[in-house]
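Here the sequence shown is numbered in our numbering, starting from -5 and rising by one per residue.
Just so you know, the hints here were simulated from the structure itself, not pulled from any lab data.
Since no wrong hints were added, every one of them can be taken at face value.
Label-pair ranges, simulated between beta-carbon atoms:
id : residue 1 : residue 2 : range
1  : Phe126    : Glu21     : 29 to 35 Å
2  : Ser40     : Gln150    : 40 to 46 Å
3  : Ser141    : Ile52     : 29 to 35 Å
4  : Ala170    : Leu1      : 22 to 28 Å
5  : Gln153    : Phe48     : 32 to 38 Å
Don't be surprised by glycine CBs; every beta carbon is placed ideally from N, CA and C.
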Amino acid sequence: SFLILALVGFVMAALAARFQFSAVSIEGRGFWGIRTSPISAQEYLSSKLWPGIFPMFIIGELLAVSSSAILRAEPTLIATAVFTAAGLSFALSGLAVGMGAMYPDFKADNASKLAASPSGVLYMVFALCTVFATLLLESYPVYLFISSSLRQVPLQSTQYLSISFFAVCTILLWYACYRIPMNIGAKMLWEREI
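Build out the structure end to end from the sequences listed, making use of the hints.
And the structure:
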């Protein structure tokens, strides 16, 4: 049930590639109108980001909770799945919109082709690395919970500290995947020639 989160992350990354990565590029030749309007690049990218985060969040949570329930996972693993899907929805959405702003294609006639472009493939590589880094950071805390449950021994305070450390590292990874591409994408997008 823990490893099924890799597939949930892959589905979320594919959805973000199709709908959020192309959000900037679908403005097409009308982007000059947005570029001359009195809004900042961060505000513009936020307007592209937030409408896509909520569907990603809902789909991710539905997939994570339903797959964990079908596999009859323990409550701790279900909570891990909920935590992971929520964090990945923010991280993958920020990564998709940010990288879409770094490499826009305003001449594209079909938004579905953008996900298969070289920059779309590059986004998928980074997105899957984010998913696998998340699972890697969560694997030791999950191991501690499962071994504690199987041996019926309560977790010690040092184990809670290590779980907290890995949880903070995971949250920092998600924040970096959300914030860094958005900042770089905003800077590169507003420096483009119109």
